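On the provided structure of chain A, position chain B as indicated by the hints.
There are 2 protein chains.
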Amino acid sequence: MSSQAHLAELLKRHNISFVAHSHPQTTDLKHWVQTLKDNHPAEVSNFAPAKSLVLKPKGGAVTNPILVVALESSPIPINPLVKSLGNKEARTAADDVTKSTLGVDKIDVTPFAIANVQDKSTVTVVVDSDALTSGDTYLAFRNFSSESTIFVKAAQMKAFLSGSAVSFTEVKLAGLAAAAPIGKADASKGPKAAQTPKAKAEVAKADAADDKKLIGITVKKDDDFSTWYQQVLTRAEMLDYYDISGCYILRPWAFNIWKVIQKFFGGEIEKLGVEDCYFPMFVSSRALNREKDHIEGFSPEVAWVTKAGQSDLAEPIAVRPTSETVMYPYYASWIRSHRDLPLRLNQWCNVVRWEFKHPQPFIRTREFLWQEGHTAFATRQEADTEVRQILDLYRRVYEEYLAVPVVPGKKSEKEKFAGGEYTTTVEGFIPTTGRAIQGATSHCLGTNFSKMFNIMIENEAKERIHVWQNSWGLSTRTLGVVVMVHGDDQGLVLPPRVASVQVIVIPTGITAKTSDDERANLFKKSEELVETLQAAGIRAKADLRDNYTPPFKYNHWELRGVPVRLEVGPKDLAKSEACSFRRDTRAKQQLPLASIVPSVQSLLEQIQSDMFAKAKKERDERLIRLETWDGFVDALNKKCIVLAPWCEREQCEEDVKDNSARSSAGDEPQDEKAPSMGAKTLCIPFDQPKDGVIEGKTKCFACDHKAKSYTLWGRSY
Amino acid sequence: MSSQAHLAELLKRHNISFVAHSHPQTTDLKHWVQTLKDNHPAEVSNFAPAKSLVLKPKGGAVTNPILVVALESSPIPINPLVKSLGNKEARTAADDVTKSTLGVDKIDVTPFAIANVQDKSTVTVVVDSDALTSGDTYLAFRNFSSESTIFVKAAQMKAFLSGSAVSFTEVKLAGLAAAAPIGKADASKGPKAAQTPKAKAEVAKADAADDKKLIGITVKKDDDFSTWYQQVLTRAEMLDYYDISGCYILRPWAFNIWKVIQKFFGGEIEKLGVEDCYFPMFVSSRALNREKDHIEGFSPEVAWVTKAGQSDLAEPIAVRPTSETVMYPYYASWIRSHRDLPLRLNQWCNVVRWEFKHPQPFIRTREFLWQEGHTAFATRQEADTEVRQILDLYRRVYEEYLAVPVVPGKKSEKEKFAGGEYTTTVEGFIPTTGRAIQGATSHCLGTNFSKMFNIMIENEAKERIHVWQNSWGLSTRTLGVVVMVHGDDQGLVLPPRVASVQVIVIPTGITAKTSDDERANLFKKSEELVETLQAAGIRAKADLRDNYTPPFKYNHWELRGVPVRLEVGPKDLAKSEACSFRRDTRAKQQLPLASIVPSVQSLLEQIQSDMFAKAKKERDERLIRLETWDGFVDALNKKCIVLAPWCEREQCEEDVKDNSARSSAGDEPQDEKAPSMGAKTLCIPFDQPKDGVIEGKTKCFACDHKAKSYTLWGRSY
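As you go down the protein sequences, you meet chains A and B in turn.
Residue numbering for the first sequence is 1 to 717, as defined by UniProt numbering.
Residue numbering for the second sequence is 1 to 717, as defined by UniProt numbering.
If you're looking for bench data, these hints aren't it; they were derived computationally from the structure.
Owing to the predicted nature of the structure, the values given are computational and were not obtained by experimental measurement.
Beta carbons: idealized from backbone N, C-alpha and C, even for Gly.
Some clues are possibly wrong.
Stretches of chain A that chain B covers, calculated by requiring three or more beta carbons in the stretch to come under 8 Å of a beta carbon on chain B [to be verified]:
#, region
1, 119–131
2, 236–246
3, 271–279
4, 312–323
5, 346–355
Just chain A, with the same shape it has in the complex (with noise of 0.2 Å):
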């Protein structure tokens, strides 16, 4: 296969649109550029030629390369350059390395070559800011055939390699030639700059002045959302990206606030009478294929194992999307009658679905982490009553440990569970994008399994009937919610309920003129104070590396979200004081050390219900009551979800979907999920405005029925 397809390939692989363009053989870049200037594809008037380097930095590994793709007609100044990223110098990377590193030869090098690179946090690509002025400019490279060129609209690139784990760096190179040397100041403009290995290191040596340029993010919530998203999680080391797409790995960090929800609401669901057990993770493809309308749900995203070792297995086996068609066939072993119910179990396991559409961390992942509970009952009522008791712990989860307000309600038919009777979800907001999220959900599957798989009972009455089943899950989602609800222009924003450090003490004011004396005792009070937190039940921590500055060490913790910080200084001391910093508002204010732990146990408590009032205020105010269509598509373009009378009618939700959809302006991403970001319902909240539908008198919003309720209505994810 020539490089040209092989790149043709990569570039389909990974749904970046591109265009292919076979023009006369052309000898070097500047007979190239003539030739495209002459002759180039009709659709990409708007082009610049692009021209990539591979770079090894002195003294690095070889396996360290840095890919500059740049316009042609930008100059490349190597030594500045490679400064600016927190090296000595650099040299142009001989052909090996360039083969055994970006695995392509030297003269077939694009962007788009670190697809082939297993470990991309072993790239640095630094990528020329002229380059990038206009996203719907296509760039063109020519590398792959002195006879073809490629064109990738310059948006498009840079999506790819902000969406790889490589270190991923904007530099103007122009202004970087002229003016140098500007090292650090540079290195900061890039979105991963920090994270190139290099500029980590330079950050250590760094002056209290450049930290915050440093390590902070570098974009605002409200700018670029989704970088700022991105960064939030990898700087605040929540999360890394993994190598492969879709995957992620989520670090302490997070998983802390993980294993808080695990503590809370398992805890709650023992008191249920609920079981912890562990069913296997692989499903026969007849066990899968049971339930007609169910499998219909996932079989796009089910990951078929179909080899062990070099052997193909006898029938390809599926990785669970879910575990109804896993455990129900021994429900139906295991319940014989009456007395066997009802029947409550849970596991907290990982389940795999291989979405095609972007990915994005914690929201949609190819493999993620949850809860499922699965549940059988002799009656309905039964049923019904646990379907809403667990629906109320996951709003508790969210509204009482995430400090994310949620609007609980029934699922329209169309948006229900695959398969299930009835879906009843908590809806949360994210109103940066406006757009809504499905907090979680509690299926009553009805009869609809146990008929499937005869999970039938004798009851009292010596019928044999068929038993009544829940489903309801919960997932690491949750984590993306917090950040994106609570996360600011500084980092992350942790509610202290989940905090895994609530409270992060810093020595301060030390001075050339602090004597040994005074700083060693300013230590040994920190850890004091910590101690007597932690003794109160607090999670408290000292930071005492020696090798920051207060400074640097505020931004590091701001930017991880920690609630409270306090800051002990000699003069704080002398009064017997300590300065606490609140992240969530900025304030700052004394606190006699005296009554430290009260204190501070209550602005904590303040903290977590000042951050859910704050969510809530911004929530309801983006929450819209309409009666008719006017004023619908025009309150979605201004990020709000709408409540209106509704028929719940399914070919009225997809008008609604189709109208919403065609009307909204191109500002919004496009995604897979929710088409042309159609709006969609929410959910039909329980709790009904008091002057709310008037039977056979109030009109559905959006067509000539009659409302049955009012249903929420939005974008969604």
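What follows is chain B alone, placed relative to chain A:
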């Protein structure tokens, strides 16, 4: 494909050896029998023609057939038979029923047809015990074609049926035909009889006298260990078989033990500064193949995902067999300076090792749960220290929680972790089989992986060095060990510390004369007793089911291994006492209610330490010290493990395995993991005998070289 080819393929898939034999066409059963007499393969001189019959219980679901396999010469007395299974009547199943349930035409039915049944729990298989009198006898199956016969040894058929999840009952059909009705009694003959749905129902109705016969373990631990093990696991509801071979369902009774282990071990490593995280389950082949020795060790057992939905993946993705190659590329990007060390991460997750050898619940399974710790240090010393700290925690899990004695030591070069520097282990012992079992391992990986993955730091001396790494894991195998070591002929015996129910309170002494008030008071007192115990942190529960007799309840909880039973009868209450029963020793004792909490607490502690002492005594009696080869194989055949001076040469280890294998009597079942059950080194115990190896003097027990250490040898799981 002919139906015979189908069967042949099916047998191959299940590693069931068979002989296929073609012969002149036969018209009926008699003709076929005669034909085989005149003309059969030489190797199957010892055979018996078999017949298969499918019955549909009257009133039972069409989907719950009874498959009867009998000697052609045996009668099949349908009604007495189905009665003995708890059904009223049955008739032979129609063709369509046979096809829809067993997936084959009526004339093609053999016991192996159950391989086609997705939910095996729906099928009851009855085997004529006369067909199983000699395991070496070939059973001849005709049905697939009147022109050919397939011969399978009785033992292989039985193993196949026992290994599948069907309700499998042995019944002496001849006897049944003669004497009738002997209902329940007969049903109890089969190892899995009590699991047939109807039999279960029977149990409920059964009077005390029959309870035991019906639900108990039907084989003795010493007579048929593997059937005993399977019965204990399934009937104590620890585990259920799954329709994918090598995968099992962990039911709450087992999972709760795992949770106790997680709580203890998780808490201890947290104190050591280890943090929990979660890495993806999928590994790219590129990453997986990075460490050569490592991948050699695992590749034969790796499961590969090659399809998602309908589309083939660009490249196959492996399911983690362990996570070194998943995690370490990212360690390389996170670890830049000595300040980033130590890095100590742990995850609780599932892993997949697709073994093709006999799977065994908990002990050798294709998917299992474990914790895997992965740590990195700047110095060898830190790594060495942690390896031993973790190993000691593993020892404590076994000795302090599971009451199972283990020998901590170092693995030989041959037995160490693939790709690591050295492996430490805790080795357990199963007296009934005389086989050792690896309990858990803590590996020092040295710098082997950090070199492969470029995990380097700049140390204080500003030198670039590779980090030192460890990995360590403990799996759900622990659950199998505790069952094998402590279980007895009545079923499970659980150590109090891991039992989810430590005390079961059972009201007793209710007779026809007992007044309703007395009865009510008895139940009330039982509940109060439970509350008292729970308030003191004892995991107590009362069995107040009114549809079961006390003796039934005794058996029910003894089978499940609950450490202490408290019987509360009118007479006991009159003396304000309760009668305690120890599951381990079956000792009874009157306990005053006034001091019930301290008495029960000390009783539980006593049981915990007595169980460990008993297991240790049994182990020590079987741990023989030898100086020379004489008596080595004899000791192994006497189900002992052997401590002997060894030269530590791999070739010598190979020779020992061969020599001990050749000489071993065939009384042990073949096991591919330990070919012909030759002896392996278990470990080089850290605790060497005082009168240990004398440098340059002591000779190896198995060759002419000098011994380096006393090493523990044995046949092993």
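To see whether the hints hold, each was checked on the structure:
Evaluation of the coverage hint for the region 119–131 of chain A: fulfilled, as 3 residues show C-beta separations to chain B shorter than 8 Å, against a requirement of three. Check on the region 236–246 of chain A: 4 of its residues sit with their Cβ under 8 Å from a Cβ of chain B, so the three-residue criterion for coverage holds. Restraint check on the region 271–279 of chain A versus chain B: 5 residues with Cβ-Cβ distances below 8 Å, three needed, restraint holds. Chain B is given as covering the region 312–323 of chain A, and this holds because 4 residues of the stretch bring a CB closer than 8 Å to a CB of that chain, at least three being needed.
With a threshold of 8 Å between beta carbons, the proposed coverage of the region 346–355 of chain A by chain B holds, since 4 of its residues qualify and at least three are required.
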